[in-house]
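Asker: The residues making up each chain are set out below.
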Amino acid sequence: MVAQDYWALSPVIAMATLAIVLLSADALLAERMFGGRRWGSKRALSWIAVIGLAAPTFFALNLWFGWIGDSTSSPVVYGSFTADRFTLFFQFLIIGATAAVLLASVPYLEQFKDSLGEFFSLLLIAAAGMMLLVGASELITIYVALETTALPAIALAALRRDGFSIEAGAKFLILSALSTALLLFGLVFLYGYTGATRIDEIVVRLAALPFEAGVPFGSLAVMFAVLLIVAGFGFKMAIAPWHMWVPDVYQGAPTPVAAFLSVASKASAFAVLMRLLYSLSGFETVAQDWQILFAVIATASMTVGNLMALSQTNMKRLLAYSTIAQAGYIMVGFAAVSVASSSGSTTSGPQSVMYYLAGYAFTNLAVFLAFTAIIHRTGDDTIEGLSGLVKRSPLLAVMMVIGLLSLLGMPPTVGFMAKAVVFSTAVDQGLVWLAVVAVINTVIAAYYYLRIVGLILFGETKDTEPIKPGTGEMAAVAIGVVGSIVLGVVPWLILQLIDDSLTIV
Amino acid sequence: MSEFNGILTVTVFLPALAALVILLARPLNLEDRVIRWFAILSTVAAFILSLVVFLAYDRDVGGVQFIDHLNWLSAETIKSSYLLGVDGLSAPLVLLTGILGLAAAFASRNIGLRVSEYFVWLLLLESAVMGVFVSLDLLLFFVFFEFEVIPMFMLISVWGSGRPRYSAMKFVLFTLAGGAFMFVGIFAVYLTGAVDSLTMVPIPELGIVGIADQIAGVDLIAPASLIFAFFLIAFAVKLPVWPLHNWLPDAHTDAPTAVSVMLAGVLLKMAGYGMIRINIGFFQETNGFTVHDAAGILSVVAAVSVVYGAIVTIRQTDMKRLIAYSSVSHMGFVLLGLTAIGGSTAATQLGGINGAALQMFTHGTITGLAFLVVGMAYDRTHTRHIPHLGGLWRRMPVIGIFFFVAGFASLGLPALSGFVSEIMVFLNAFPVWPWAASISAFGVVLAAGYVLWMIQRTFFGSKPPEGGIPDDKFDELTDAEPLDLIPILALTIPIFVVGIWPKVIVDVFKIGIEGILR
Numbered sequence: 001m002v003a004q005d006y007w008a009l010s011p012v013i014a015m016a017t018l019a020i021v022l023l024s025a026d027a028l029l030a031e032r033m034f035g036g037r038r039w040g041s042k043r044a045l046s047w048i049a050v051i052g053l054a055a056p057t058f059f060a061l062n063l064w065f066g067w068i069g070d071s072t073s074s075p076v077v078y079g080s081f082t083a084d085r086f087t088l089f090f091q092f093l094i095i096g097a098t099a100a101v102l103l104a105s106v107p108y109l110e111q112f113k114d115s116l117g118e119f120f121s122l123l124l125i126a127a128a129g130m131m132l133l134v135g136a137s138e139l140i141t142i143y144v145a146l147e148t149t150a151l152p153a154i155a156l157a158a159l160r161r162d163g164f165s166i167e168a169g170a171k172f173l174i175l176s177a178l179s180t181a182l183l184l185f186g187l188v189f190l191y192g193y194t195g196a197t198r199i200d201e202i203v204v205r206l207a208a209l210p211f212e213a214g215v216p217f218g219s220l221a222v223m224f225a226v227l228l229i230v231a232g233f234g235f236k237m238a239i240a241p242w243h244m245w246v247p248d249v250y251q252g253a254p255t256p257v258a259a260f261l262s263v264a265s266k267a268s269a270f271a272v273l274m275r276l277l278y279s280l281s282g283f284e285t286v287a288q289d290w291q292i293l294f295a296v297i298a299t300a301s302m303t304v305g306n307l308m309a310l311s312q313t314n315m316k317r318l319l320a321y322s323t324i325a326q327a328g329y330i331m332v333g334f335a336a337v338s339v340a341s342s343s344g345s346t347t348s349g350p351q352s353v354m355y356y357l358a359g360y361a362f363t364n365l366a367v368f369l370a371f372t373a374i375i376h377r378t379g380d381d382t383i384e385g386l387s388g389l390v391k392r393s394p395l396l397a398v399m400m401v402i403g404l405l406s407l408l409g410m411p412p413t414v415g416f417m418a419k420a421v422v423f424s425t426a427v428d429q430g431l432v433w434l435a436v437v438a439v440i441n442t443v444i445a446a447y448y449y450l451r452i453v454g455l456i457l458f459g460e461t462k463d464t465e466p467i468k469p470g471t472g473e474m475a476a477v478a479i480g481v482v483g484s485i486v487l488g489v490v491p492w493l494i495l496q497l498i499d500d501s502l503t504i505v
Numbered sequence: 001m002s003e004f005n006g007i008l009t010v011t012v013f014l015p016a017l018a019a020l021v022i023l024l025a026r027p028l029n030l031e032d033r034v035i036r037w038f039a040i041l042s043t044v045a046a047f048i049l050s051l052v053v054f055l056a057y058d059r060d061v062g063g064v065q066f067i068d069h070l071n072w073l074s075a076e077t078i079k080s081s082y083l084l085g086v087d088g089l090s091a092p093l094v095l096l097t098g099i100l101g102l103a104a105a106f107a108s109r110n111i112g113l114r115v116s117e118y119f120v121w122l123l124l125l126e127s128a129v130m131g132v133f134v135s136l137d138l139l140l141f142f143v144f145f146e147f148e149v150i151p152m153f154m155l156i157s158v159w160g161s162g163r164p165r166y167s168a169m170k171f172v173l174f175t176l177a178g179g180a181f182m183f184v185g186i187f188a189v190y191l192t193g194a195v196d197s198l199t200m201v202p203i204p205e206l207g208i209v210g211i212a213d214q215i216a217g218v219d220l221i222a223p224a225s226l227i228f229a230f231f232l233i234a235f236a237v238k239l240p241v242w243p244l245h246n247w248l249p250d251a252h253t254d255a256p257t258a259v260s261v262m263l264a265g266v267l268l269k270m271a272g273y274g275m276i277r278i279n280i281g282f283f284q285e286t287n288g289f290t291v292h293d294a295a296g297i298l299s300v301v302a303a304v305s306v307v308y309g310a311i312v313t314i315r316q317t318d319m320k321r322l323i324a325y326s327s328v329s330h331m332g333f334v335l336l337g338l339t340a341i342g343g344s345t346a347a348t349q350l351g352g353i354n355g356a357a358l359q360m361f362t363h364g365t366i367t368g369l370a371f372l373v374v375g376m377a378y379d380r381t382h383t384r385h386i387p388h389l390g391g392l393w394r395r396m397p398v399i400g401i402f403f404f405v406a407g408f409a410s411l412g413l414p415a416l417s418g419f420v421s422e423i424m425v426f427l428n429a430f431p432v433w434p435w436a437a438s439i440s441a442f443g444v445v446l447a448a449g450y451v452l453w454m455i456q457r458t459f460f461g462s463k464p465p466e467g468g469i470p471d472d473k474f475d476e477l478t479d480a481e482p483l484d485l486i487p488i489l490a491l492t493i494p495i496f497v498v499g500i501w502p503k504v505i506v507d508v509f510k511i512g513i514e515g516i517l518r
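Residue numbers (the numbering used here), protein chains in the order written: chain L, 1 to 505; chain Z, 1 to 518.
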């Protein structure tokens, strides 16, 4: 390894180091130095974690602007990792989501007094894995990075150690293992067919191999590879038909963990799938079949997510189904790979996906973290438990309502703008039917989102005791809400950034 | 290539700004009275601005005026700009929104529940509607068109009566379902190869070519008939046209008075406006299908709307529901006027659409007034059930007089505005679709029936012996207060002015519609 490799990996290394620092601090410092005041000092851990995130942020910014050291956007570490702007875009997203989750979970974590250090370090290790995953440009690295994100996430899901949480952990573990097995199969097909594990080499070798007419994706090997890889990542992205684990895990896992999974985990899986598949998009036959595949998945995911969400009574399960539907909307952008674009644009698909993901990250974090603050104080995770929230905590209620309206896609929030951009790419690719299905789905979704909005604002409540969230929680939710409004009203801010980050196409 | 006059931006966002001020001032715990008057004054200011826009619109120059133009969204597949402007079609509707906003705010003086929130939503609603009429960018138009749903949902849910949550949700789902189709329609238009801007009208000064010119004679990305239908469904739900009218009676009946006034007065007009601007504006020279092809079937739908709406109206026993169904009938005339686009001469086309546009304006004021006075009567009697009412004239003659005005204007009495617009619609629709127009004419006859019958049953005769208001309560009923006259007159004056001197509005509409017809 050369210096350049270290620079390229510096944000990931910083994140992993932070995780180790926190684990050591928890084990050594807290007990010996602060003696009896154990919880008080442990609470400081969370602030160390939040402030410590400045390090990976700095290194990522450094790579983006090239302040110091060697930065390069070509593959490093023998081609296994690429620290291009695409990677950095998603690393910022992951760091931001991690920061927001940490910020909002401080009071919630009181119930984990004994395992606070574990919580932080597991979360940060998972985040480090995701940061590696989004830049991985070689099959083995993808696999290793994926496992690095999955194992801590499983432990996090089971952290509460009650029935639901253990069940969530076990379910997550089994299905995660299954999905990585499928993924590995897919990667093996790709390797077996091309004899290469580096994505750039795979592309070169594929070009030299014959494409069979009439076989989807040009050859059976590529077809199996794509299907299995999509299935493998499908679990992580929580798209139908690989969504079964999502409601159970979100319900059982601690709420901040569910928030983290729904944003960071999903975004990183989308990122790596984009990198892997867009490198193949140059092959026209691949792109055409890909379009059909993802259009079908998107339809299934949106429809299943929204229809199942209609009948939920548990808020966490409802949000789980909502994220499945949201993943479906993102998939609409995925289906819009450039084969016969009528606008002649070649980057509209990934651009729309990245815009949606950025907006979704802000919006979903706002909703999940607001709910974390509430559930920690009421202990009630049913939808009815939100009834009359506006009387108990007006500001939190209003922010949650804005978040829900953004998930629904109401102007002027980013939810609307992102849907506008994503659906327009679908129409651009001639997938008018998919856009119609998608907008009909948003109408179905309106019912359950507005039902919650109605309960929050107009519902009756017996319990009138005010809910007073802490500053950190409010700040995290507020960042999400402000982000989802700003990105919706002034979309050019982020679209410019995304254009700069489209280094994979 | 950008221009910024600012007057429209101020007109649109002034109510929203006032709403923001009310919201921010909440920690001060101001008295309800202060909030109420602040909100009312801001609608007065918005009204004055809308009047200025209407009067200052230079009729000799025509075209689009008072342009505000900024770049807004530029993704790969969709580019949109913040473009506000008025032409002859939108100027009177901006004025209408100003008038109705003012009337609605005054009519809300008696709201006692969660006052600051109420006015926040009402003001946001006015901003959204104003935004619809002045947005010349298709996506921006859609943003305002959709945003209006949220204030309506809140207003009906919290301050409504009867089954407010049910009605609010029904309203939202119908509107969003319609909007969903329009959403796809927008992309389909935009992504057609030759189109590179979402501007609905041509603006030569800025070098902007309107969508209509861009898609003329070009193969669209999807069949033109399909895209046409997508837009039409969205507007047909909103207008509403039979058989998509189902949400309207519920929303109207359960909404608070001021919201019914806004809903009937301006929200329905967004649909008629959209039909003229988009369905007629865009699809006159499209390949394979034009709006002229759809005119025949639409004239049938219009006739059914008119007659069906009128028949259902007659048998209503709730006063608000009755007026709501009469709206279905009257908005059918709007659609009928629009079908004159199938006519062979330019004069017929122009006249029919102009009649439809005028019908929107007059229906806004007339039905707004009707809901206003019914609301006032309801505030006093606490019942809208017609069999429980009667003899109200003795206790509230002033309210009665204006109820008469609204009723007679609604049934098309000459010298009141309803007559002018309906005669314009008939005269121009008849040569084109004689059958549909003839059948629709029965709508007017039926209107006379339901209006006169309702007035007779509620204001005349004697108080019903059973089920009605107790005698002691009946004697305590009061008439309109002086301040009530402000919203009443705000709506009555246009009824008379347009009825006697229609040119004042018709000529402006004409400029706009001539620009849209090709």
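In short, the hints are calculated from the structure, not lab data. Keep in mind that a hint or two might mislead.
To be verified - Calculated from the model, a selection of chain Z residues having no Cβ within reach of chain L, i.e. all distances over 10 angstroms:
(1) 33
(2) 59
(3) 71
(4) 74
(5) 149
(6) 154
(7) 158
(8) 183
(9) 221
(10) 226
(11) 413
(12) 414
(13) 465
(14) 471
Unchecked claim - To be clear about the criterion: a stretch of chain Z counts as covered by chain L if any three or more of its residues have a C-beta under 8 angstroms from a C-beta of chain L, and this derived list gives those stretches:
(15) 6-13
(16) 498-507
Glycine residues also receive a C-beta, built at the ideal position from the N, C-alpha and C atoms.
Asker: Checking the smallest CB distance to chain L, is residue 154 of chain Z really beyond 10 angstroms?
Answerer: Its Cβ does come within 10 angstroms of chain L, the nearest being 7 angstroms, so this is violated.
Asker: Just checking, residue 71 of chain Z versus chain L, shortest CB gap more than 10 angstroms?
Answerer: violated (7 angstroms)
Asker: Determine whether the non-interface label on residue 465 of chain Z survives the test: each CB of chain L must be over 10 angstroms from its CB.
Answerer: holds (39 angstroms)
Asker: Determine whether the non-interface label on residue 221 of chain Z survives the test: each CB of chain L must be over 10 angstroms from its CB.
Answerer: For residue 221 of chain Z, whose nearest Cβ neighbour in chain L is about 6 angstroms away, the distance does not exceed 10 angstroms, so it is violated.
Asker: Quick one: work out the minimum CB distance from residue 226 of chain Z to chain L and report holds if it exceeds 10 angstroms, violated otherwise.
Answerer: violated (8 angstroms)
Asker: Please confirm whether residue 74 of chain Z is truly not at the interface, meaning its C-beta sits more than 10 angstroms away from all C-beta atoms of chain L.
Answerer: violated (6 angstroms)
Asker: Determine whether the non-interface label on residue 59 of chain Z survives the test: each CB of chain L must be over 10 angstroms from its CB.
Answerer: holds (33 angstroms)
Asker: So is residue 183 of chain Z really clear of chain L, every C-beta pair being over 10 angstroms apart?
Answerer: violated (5 angstroms)
Asker: Could you let me know if the closest chain L CB is still more than 10 angstroms away from the CB of residue 471 of chain Z?
Answerer: holds (37 angstroms)
Asker: Regarding the assertion that residue 413 of chain Z does not contact chain L, is the least Cβ-Cβ distance greater than 10 angstroms?
Answerer: holds (42 angstroms)
Asker: Would you check whether the claim that residue 158 of chain Z is not at the interface survives, using Cβ distances to chain L and the 10 angstroms cut-off?
Answerer: Incorrect as stated: the minimum Cβ-Cβ distance to chain L is 6 angstroms, not above 10 angstroms.
Asker: Just to make sure I understand the rule, a stretch counts as covered if three or more of its residues have a C-beta closer than 8 angstroms to a C-beta of the chain. Does the region 6-13 of chain Z meet that for chain L?
Answerer: violated (count 0)
The earlier numbered hints that this structure contradicts are 3, 4, 5, 6, 7, 8, 9, 10, 15 and 16.
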